[in-house]
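Trainee: Spelled out from the first residue to the last, the chains are:
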Amino acid sequence: MFRYLVRRLLQMILVFLGTTFIVFALMFAGGEGDPIQNLAGEKPVSAAQRAQLTEKFHLDDGFFERYWYYLKDLVTGNLGESLTGRDISTMILDAFPATAKLATIAILVTIVFGVTAGVIAGIRRGSIFDNSTLVLTLVIIGIPTVVLAPLGQLLFGVKFPIFPATANNPPTWYELILPGIVLGLLSVATAMRLTRASVAENLRADFVRTAKSKGMPGRRVIGVHVLRNSLIPIVTFIGVELGSLMGGAIITERVFNISGIGNLLYKNLNLGDAPVVIGTVSVLVIVFLIANLIVDLLYAVLDPRIRYE
Amino acid sequence: MTDIRVESSYAPRAGAQHLLEVKDLFVEFHTRDGVARVINGVSYHLDPGETLAVLGESGSGKSVTAQAIMGILDMPPAKIPSGQILYKGEDLLAMPEEKRRQVRGKEIAMIFQDALSALNPVFPVGWQISETLRTRAGMSKKDATRRAIELMDQVKIPAAKARVKDYPHQFSGGMRQRVMIAMALAMDPKVLIADEPTTALDVTVQAQIMDLLADLRRDLNMGLILITHDLGVVADVADRIAVMYAGRIIEHADVHSLYKSPAHPYTQGLLDSIPRLDSKGTELATIKGLPPNLLRPPTGCAFHPRCPYVKSVCTTSTPRSLDLGHGRTSACHFAKEMLDGTLR
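Protein chains in written order, with this note's numbering: chain A, 1 to 309; chain B, 1 to 344.
Read the hints as simulated data drawn from the structure, not as lab findings.
Wrong hints could be hidden among the right ones.
What the hints assert, rightly or not - Okay, the calculated beta carbon distance ranges per label pair:
{"no.": "1", "chain 1": "A", "residue 1": "Ile141", "chain 2": "B", "residue 2": "Gly232", "range": "50 to 58 Å"}
{"no.": "2", "chain 1": "B", "residue 1": "Thr204", "chain 2": "A", "residue 2": "Arg228", "range": "18 to 26 Å"}
{"no.": "3", "chain 1": "A", "residue 1": "Leu134", "chain 2": "B", "residue 2": "Asp219", "range": "48 to 56 Å"}
{"no.": "4", "chain 1": "B", "residue 1": "Arg218", "chain 2": "A", "residue 2": "Arg124", "range": "43 to 51 Å"}
{"no.": "5", "chain 1": "B", "residue 1": "Tyr259", "chain 2": "A", "residue 2": "Ile128", "range": "53 to 61 Å"}
{"no.": "6", "chain 1": "A", "residue 1": "Val139", "chain 2": "B", "residue 2": "Asp153", "range": "28 to 36 Å"}
To be verified - Chain B side only, calculated, beta carbon under 10 Å to chain A, not exhaustive:
{"no.": "7", "residue": "Met75"}
{"no.": "8", "residue": "Asp188"}
{"no.": "9", "residue": "Ile193"}
Unchecked claim - Residues on chain B that point at chain A, a partial pick, calculated with CB under 10 Å:
{"no.": "10", "residue": "Glu98"}
{"no.": "11", "residue": "Ile111"}
{"no.": "12", "residue": "Phe112"}
{"no.": "13", "residue": "Gln128"}
{"no.": "14", "residue": "Ala186"}
{"no.": "15", "residue": "Lys190"}
Values in this document were obtained by computation on a predicted structure and should not be read as measured data.
From the three backbone atoms N, C-alpha and C, an ideal C-beta is built for every residue, glycine too.
The shape of chain B in the complex, shown without the other chains (with noise of 0.2 Å):
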């Protein structure tokens, strides 16, 4: 067996209980056309003031996750058949829904994509912040106004005083986000999750928000759940990276190795396919071919059609994930000899 050496700047404690735990999840949608099984033994943890980044293209099954995590999906068409979501030891999956719905929010909070849609459009913002402080924490109006100031304060909403009556529409995008992030820490969540926060936003307004995030995370000592398709945007902020494909898996690992030594193709592609000053004037990798249709998935390895690794067994037999020490793993068959660089 080879030696791996990967420098890793993450451990795993090994044997504490992790704040948020997801263990072998499986998510289906029951469609028309058939079941489309969208997240496939998805397991992933994470600690107080630690950001994990869940990497993948669309439909690679991440923000459902996400969603399951949070419990809103719509279910139907979608089902868990088997899988736990354990936050601070307990199942959130076998929580009755009311208990849940105290831990949405409270304990766990979202923002996402695109906050002009996510932002009702009819309330002031003001009014959207402090929703859970006058509802849940029986805040008297007049506090959970003064504290929803606050909030735009320390997302930095400039003026937060005179903008807190207005309404979604009269921000800009980036100040919209803020305004999102201000209310996901309205109820001071321990647990963070941001779908592609930063996707319908300008690259300089994107490095703020960035920027914000990974400032409150280390503030509040929150655990960020961070959701995109773009490594670019996590390598600066992120602890560790799960990449996902077809609702796996394929690779978990610090940043730092990730970065330096992939160890899925599908991983190095995605490297390969980032825009650097130094390739100007060639031409961009890119990963060829489709995201698989989950309604009838490729047999076998579902990145083997795309990979140009492709190895007879990749087509037969489903890789199991490979640990590769150092809290690392990878879903490839020939994951160490991507490691090595022996791979053809």
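If we strip away everything but chain A, and leave its shape as in the complex, we get (with noise of 0.2 Å):
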């Protein structure tokens, strides 16, 4: 188990390394443009404003060297200064919260209803219930973010103003319901069709028909036995899908003018901050890993027969 963890975190230093090289390339390659300009906007700027901050961004050095600075600096727990001298730490803690929240609404929606929805389907097999989610939830999965978000807040923000429409900062729960459904919708969607495919297998294991044979109620045989094992798939999407949540929530956050991660690295890569960008990234990375992690040890606990050497 020790051994196991070690070798997993030696991994992920090698993924981390390996996607914010990626990020950092990428930036990079699209071609900076002016930063320096971007950010003075129209006005002009000074021979020696420009001097000063291309040598505090390393702006004239090569890529490799750049990038060795920015390593230098994350690993000392620095994620540097932004074009406009902010402490991009500082920006971020600020907008993880809001991020964080919207993603816990959108697990528990993912939860509540897509594993509700799930289980139920799967015992009722062919009924109509199952057929009438089968159906809506293709029709959930076939609409992109981009266009339920703003449906949604159209609809139950601005036509039958349940919700709020738009978001303060920083945000309050109930502001952040509305896009937390938008946002967990799709997982929704997934997870119902995982879960109904868990519980349907299960319910023809042979440990099924074991718990009935020892005269178990219908309840426990379903709520205990089957429910336990279709767990496994289950808490394994969940995990994963909080790392993409967190990356997903860029459109729905915009949407919402929610100020969280999402909206922050929309704004700076529109105005070409690369540091910004990627420090935001670096954490969304390690974010996701940490998930993975998580996911993968809990996995041993939900399956006795899972040991990691």
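Fit the two chains together into the complex; they arrive one by one in their own frames, and the hints show the way.
Mentor: And the structure:
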């Protein structure tokens, strides 16, 4: 177990280096235009200012040298400064709670609706409930967030103002419900189908027949014997989904104007503020990697047949 | 009429109520391809402390009958159009589901062929053995675990106390089957149905499990229904044998008589196909052909396409179960000739 953990952590470092390198290279290759001019907008930049900023951000140095500077700072936990002179770590820390809340709501929506509906559909395969949820999930899977988010905002924020259409900074939980549902809907569909398949499969398993022949009531057969086994793929999915939700929040946060990680990334991509983009993506990569590690460790807890060497 | 001379170690008790009695049971499966009549009027009975072996090929309906007794058939696709299953005189099929559930595990328990898949992979064996004790007998967790260890001792699992928290995959095949048996014994059932309990095991382990079942049946005075396709397995353990073919009991007799003089060509075929030491070097006898397709069963006697003695009457008329005395029955038009050895 310990050896496995060490190996996984070492692997994580490699993956982290790889992904940050790619992001770094992409930002570099994309051409920064003139970030200093971007920053100043229409105003002229004096030669002295330009020289100072160029020196500070190593803009004249080569790719590998700049990557090296970046890594060196990163190891000491320093994500550096944005072109506007703000501390990137602080910017991310400020934005993080909103995204974390949003992701929490999305995950809850996924579990409550996706897993519950999946269990019911799995038990009653071929029923009206099963078929209608099947069609519904197909429709939801088919609609991209770019459409779903404004649509949800228009319907439930403007036409029928049940929820606030946009969020303040920092957002309250209530303001995040609608965006959270929109963000969660995509995984609801997948979670539902995954749960349905898993429950349906486990219902046919021999151990279910055993539990029945032990005189266990149907509630317990499904609630304990089937569900405990079906949990294994569902937990895996939700764990991995947590990582992608952080990234998937970009559109949703943009539409509902939530000051989270996604919005931060979007704004600075437009500004061409490479240090912020790279810093944010680095943090997202770390979150994703940790979520994956936790899922893998949970796997061994949920399924005793799995042992890590 | 020819005189039938068969020694019988078993004499049915006339008039007494049996512990378990299956009466003229019919089961059919409704599939996309049509209706498969898998059980066609099966009757058998069981008394305390007695072992009934139900013998037959795959698809003969021996397991389905057992599942009907347990009430664990998936309905649909299965359907029980008629029949009775009397436990202590009460018809299980007429009971409301909740009452029926109380019978399962507590009065009638069942163990299955493949203990690895029949045990839940994500729970410790002790947890699974004690589940009924905790949820149905209201025992505390501690008492239930202690009882689980006792049960594991009883089925001779070494170091039961140390292994009670282990998971099914950490046991060998034979030990897993013992766990299954311990689990089935938890509520002190009066009837134990063992559905091919040794099929998935090594020959040496098979014998150990059969011995264990025989011991437990004697010690606990349970009725044991032993479902198997292996005539060799049942010889030492069973009191009576019911041979099934295409959803019918085609022969029913005490073990001794059945081995000595089978009253149905199918039983004879089964006996002939047991490998013997003295038949070394010669080709093993087999029953030619395949079991019938129950969606389109043959006319007349279901065994007639494979029967070496087939006569024209066999292709048109379904033989009724013939009483041969001493509790023996045979569903062959020529049962008496079989016993006399005059059937050619």
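Trainee: State for each hint whether it applies.
Mentor: A quick look at each hint next to the structure:
no., hint, verdict
1, Ile141/A - Gly232/B: 50 to 58 Å, "56 Å, holds"
2, Thr204/B - Arg228/A: 18 to 26 Å, "35 Å, violated"
3, Leu134/A - Asp219/B: 48 to 56 Å, "54 Å, holds"
4, Arg218/B - Arg124/A: 43 to 51 Å, "46 Å, holds"
5, Tyr259/B - Ile128/A: 53 to 61 Å, "56 Å, holds"
6, Val139/A - Asp153/B: 28 to 36 Å, "58 Å, violated"
7, Met75, "12 Å, violated"
8, Asp188, "13 Å, violated"
9, Ile193, "9 Å, holds"
10, Glu98, "8 Å, holds"
11, Ile111, "9 Å, holds"
12, Phe112, "6 Å, holds"
13, Gln128, "8 Å, holds"
14, Ala186, "8 Å, holds"
15, Lys190, "14 Å, violated"
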